[in-house]
Structure formats: C-alpha cells, structure tokens
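Residue numbers (this note's numbering), protein chains in the order written: chain A, 1 to 112; chain B, 113 to 229.
Calculated from the structure, these hints are not laboratory results.
Note that this is a predicted model, so its numbers are computed, not measured.
Some clues are possibly wrong.
[Unchecked claim] As a list, the in silico DSS-like pairs of lysine-lysine whose alpha-carbon atoms are at most 30 angstroms apart: (1) B:Lys173 <-> B:Lys221; (2) B:Lys161 <-> B:Lys173; (3) B:Lys180 <-> B:Lys221; (4) B:Lys221 <-> A:Lys13; (5) B:Lys161 <-> B:Lys180; (6) B:Lys161 <-> A:Lys13; (7) A:Lys13 <-> A:Lys57; (8) B:Lys173 <-> A:Lys13; (9) B:Lys161 <-> B:Lys221.
[Unchecked claim] Which chain A residues face chain B? A few, computed with CB under 10 angstroms, are given here: (10) Thr7; (11) Gln18; (12) Gly42; (13) Leu46; (14) Phe64; (15) Phe69; (16) Ala92.
Backbone N, C-alpha and C define an ideal beta-carbon position, used for all residues, glycine too.
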Amino acid sequence: KAGVTQTPRYLIKTRGQQVTLSCSPISGHRSVSWYQQTPGQGLQFLFEYFSETQRNKGNFPGRFSGRQFSNSRSEMNVSTLELGDSALYLCASNTPEGNEQYFGPGTRLTVT
Amino acid sequence: AQSVTQPDIHITVSEGASLELRCNYSYGATPYLFWYVQSPGQGLQLLLKYFSGDTLVQGIKGFEAEFKRSQSSFNLRKPSVHWSDAAEYFCAVGTLYSGGGADGLTFGKGTHLIIQP
C-alpha cells in the first residue's frame, strides 16, 4: 500500500506571495490532517478534513486555508506569505478506524 | 487545554545502554497517547500508541512505553539502543474519532537522542 505523498518536497517563495501544498493520503483514508513544524513552536495542528469538510482547526490566522477533494486528496494554501511561515508542513493520513495517523515526508517551505 | 511536556531537550546515551524518554501530559478526558520518531529531513513515524487496557505497550524497533495515570506520564523505554536510534522523539496526546477522522494531536517539543559509540 502506498504511503502518504506530499508535493512538492521543497519550495522557496518570497514574502507576500501565496503557496499551495498538496497531500495524497493512503488509499481508503478519508481524513487528512495538516501540521506546521518549526524549531521555535514545534509541531502545531493546522486543520483536519474529513470527506471534503473541515472538521477541526488549530489556532492559525485566516491566511492558512485548505480543502479536500472527492478523492480525499487535500491541499493547503498560505496567502501573503511571511518570513515566519518558513516551516516543514506535514500531512497526516488518518485511518478509518480513527486510531492512527500516518505522516508524509513533509514539504519544506522557505520564505525569503 | 491539553499539553505535553518532554522535560529533556537532549539526551546522550551510549550504544547498548538502556534508554528512557520522559513524557508528561495534561488532558481533560481519557487520553490517547502516542510516541513518534523523526529522522532528519523526514516525516514522523509512529512507534507506539496507547488507548486503553494494558498500561505497558509494545511498539516497533524494540520500544515500549508505560502509561501511568497517577503520574500523568507515558515514558518511552528501550533496553538497548542502537546507533540507528539517533533521532528526534515526540510524545503526543489527542482524540481520535472512531469511524474516521482525528482531532489535532498536541505534541511535546521533542527530545533529541544522541548515541555515543
């Protein structure tokens, strides 16, 4: 069974730009969670999507948004990028039983 | 609000020695507890999890963890470490929904494990 796929793996953007990251969960998983990892704040929950609906949201500004498609693939978007948005963005595919989260390799975003 | 504390930022252990990584949590309901490992530049790999039942849980790579409700702890142990165990270890607490979906996990800040030859 294929694992969680995240694209792109690395990204460099300039302040003020926007960015879209993609995540393909494990086949059969309908829930996807997104996390931001930085050296200062550690791992922080962004949001979770289940069957195309955002069900949970962490404490991030509205510049961070996401969506999920009917095939369970998910995207997250960050608008008006700031230097502090530089981070590793991790996507997790959540099992149907609801008892495990499998993480992808992440997208490393650098904002200059 | 839920929280996770990993008191040790760095731990250095000699290869072949035993290991214990500490984790304390604060959670209003029955916690679901996890340990993840992250190698440089990689995502997170689940080592083990605790939902209920036996408080000593076995995981992959020879790791185990013990849930102690009275101490709000979920410490990770390994009897003999290998150089390949050098990595960042994260303890997490959260709620996962039966039927699919998950509330966001709350992670500790991590413990960086260094293995001395």
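* Has the given pair, Lys173 (chain B) with Lys221 (chain B), been kept, meaning a C-alpha gap of at most 30 angstroms? -> holds, 22 angstroms
* Asked: Given Thr7 (chain A) was flagged as interface, is its beta-carbon under 10 angstroms from a beta-carbon of chain B?
  -> violated, 13 angstroms
* **Agreement of hint Gln18 (chain A) with chain B interface, Cβ distance less than 10 angstroms** => Nearest chain B Cβ about 23 angstroms off; hint violated.
* Asked: Is the Cα-Cα distance between Lys161 (chain B) and Lys221 (chain B) 30 angstroms or less?
  -> holds, 18 angstroms
* To do: Verify the interface restraint on Gly42 (chain A): the C-beta must sit less than 10 angstroms from at least one C-beta of chain B.
  => This hint holds: Gly42 (chain A) lies near chain B, its Cβ roughly 5 angstroms from the closest one there, short of 10 angstroms.
* **When the least beta-carbon distance from Ala92 (chain A) to chain B is tested against 10 angstroms, hint result** => holds, 8 angstroms
* Asked: Under the criterion that the straight-line Cα-Cα distance not exceed 30 angstroms, is the pair Lys173 (chain B), Lys13 (chain A) satisfied?
  -> violated, 38 angstroms
* Asked: Within 30 angstroms, alpha carbon to alpha carbon, are Lys161 (chain B) and Lys180 (chain B)?
  -> Roughly 14 angstroms separates the two Cα atoms, so the pair holds.
* Decide if the proposed pair is consistent with the structure: Lys161 (chain B) and Lys173 (chain B), CA atoms, cutoff 30 angstroms inclusive. => Roughly 14 angstroms between the alpha carbons, so the hint for Lys161 (chain B) and Lys173 (chain B) holds.
* Asked: Once the shortest beta carbon distance from Phe64 (chain A) to chain B is found, is it less than 10 angstroms?
  -> violated, 13 angstroms
* To do: Decide if the proposed pair is consistent with the structure: Lys180 (chain B) and Lys221 (chain B), CA atoms, cutoff 30 angstroms inclusive.
  => holds, 20 angstroms
* Asked: Taking only the CA atoms, is the gap from Lys221 (chain B) to Lys13 (chain A) under or equal to 30 angstroms?
  -> The given pair, whose Cα atoms are some 27 angstroms apart, holds under the 30 angstroms limit.
The structure fails hints 6, 8, 10, 11, 14, 15 (numbered hints given earlier, in ascending order).
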